[in-house]
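Number of protein chains: 2
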Amino acid sequence: MLIVSSISEMQSLTSRLPRPVVLVPTMGALHSGHLSLVRRAKREAREGGATVTSIFVNPKQFGPNEDYKRYPRTYERDCELLREIGCDIDVAPEASAMYFADSTTTVVETELSALLCGASRPGHFSGVCTVVSKFFHIVQPRIAVFGQKDYQQFLILQRMVRDLNFSVQVISEPTVREPDGLALSSRNAYLTPAERAQAPVIHQTLLQTEKLIRTHQIGFGEIENWMASNISSAKLSKVDYVAAVDPGTLESKKSLPLLLACAVYFGSTRLIDNRLIT
Amino acid sequence: MLIVSSISEMQSLTSRLPRPVVLVPTMGALHSGHLSLVRRAKREAREGGATVTSIFVNPKQFGPNEDYKRYPRTYERDCELLREIGCDIDVAPEASAMYFADSTTTVVETELSALLCGASRPGHFSGVCTVVSKFFHIVQPRIAVFGQKDYQQFLILQRMVRDLNFSVQVISEPTVREPDGLALSSRNAYLTPAERAQAPVIHQTLLQTEKLIRTHQIGFGEIENWMASNISSAKLSKVDYVAAVDPGTLESKKSLPLLLACAVYFGSTRLIDNRLIT
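In the order they appear, the protein sequences are chains U and X. Per the numbering used here, residue 33 is the first one in the first sequence, and the count goes up by one each step. Per the numbering used here, residue 33 is the first one in the second sequence, and the count goes up by one each step.
Only chain U is shown next, with the shape it has when bound in the complex (with noise of 0.2 Å):
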């Protein structure tokens, strides 16, 4: 695997990239999440096309009270894991050469980074497109794949190639999850062992609703009143939000299709999970 730390000697790498080019953009700390984002790229670009995956914390899309100091950087691991599993390429640059003292121009969402996630985190989402936006024009690739455990991120950025006509097609790969339902984040390291005991009550939540809802036990007016004081019944979690949104909008809504989805917190860790019911 070449990795590159320079975003010039990627630049002009990548005109000599062979096609299809696949991209994986994450923030490192990889786990089998990421490890099953970079194998759905190594089918999308076959035996001929190129795997690139960038790491990089990208300090625009943290508040300033969040967690981009302590948020867990592992590159050697990362990039053993990389080579392991057959990635190409790994880009990974500075925050100093990504973002210059003067730097003024970002990418903006403005409607459905509103909602959810966005509500509780002002300019995160600005932060990723901006972000998605530079690793798509440094590394130009034909398709991107990103995670559903953060289906907002995913929509937002088809949005986004939608919107600005980046010729690049948006994927994603189905959430992986620990034996108990936990959905793997890289945010996971951060539990205290009493936290991480009760942590699957979100996926639990998901699964009971969705059962709650296909056998008419509960009203779709009720749903999110449910979801909330089910998952506040492990007494260590603060509920954020929980939603029953429509998934193309992420407007509520009181019919099937349905995205569930919520951010609880555990002591300062914030935890993202959802489930889509069609």
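Warning: the hint list may mix true and false statements.
For identical chains, the list gives no copy identity; a pair is met inside one copy or between any two copies.
[To be verified] In silico DMTMM-like pairs for lysine to aspartate or glutamate, Cα to Cα no more than 20 Å straight-line: (1) K285 with D134; (2) K243 with E254; (3) K286 with E112.
Since the hints were derived computationally from the structure, they do not count as laboratory data.
Chain U is already provided as a structure; the job is to place chain X on it using the hints.
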């Protein structure tokens, strides 16, 4: 010359174009200023490359009380001129294909865009950055050519390209002028004969200001007042702004090099011009 109105058709054509591709984005109503940009594009493309113009009156860069509806549209004549000059491709999409009802993604430059024309025209440069990003993605040029009359636009697009890592070189060509010095602009067509007769005061003022600076007959602190009062000697003029600023940051400055810039109304017609004093 190939005329392409479909965005997806242009995007599939883009990958097959000979390199380098050089783009001249315009709003049509072409005059000799535009043609000088196309000539420059042809020189940059040399024998082997492709010269592409876009003609699109971009609704997103006009304010609600501006001249979007009455902006001159001379498409047939524009195509004739481009054909004569040897442009290879003209891309001219419909507004409804460029912007969907639920388009919610924009490219925003926040610092340079707040000054000069940006202070008078909120949202204008975001409209420009967004549409130019879209054409960059659709045409994937190696080089894009803009006019120096729109110096601030040129500067903002250079910043955008740097900040978002576009693989595009943004270059400029000198302003083309009428024999009496008035900068060519599609908006000159709005002027009444009386307004047209007085409009050269703008360029004359820029020239005279340069002379006063070079001969030390004026202090740096007096430039803007002098420019405003000299322009106002033309009875039909109304100064929007005059500025003597740093050519890189557009911030006020009391030493050379300086950008002298102004926007002046004649009736409802807003004209801009500038001069770089190095």
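* Asked: Of the hints stated earlier, which fail here?
  -> 3
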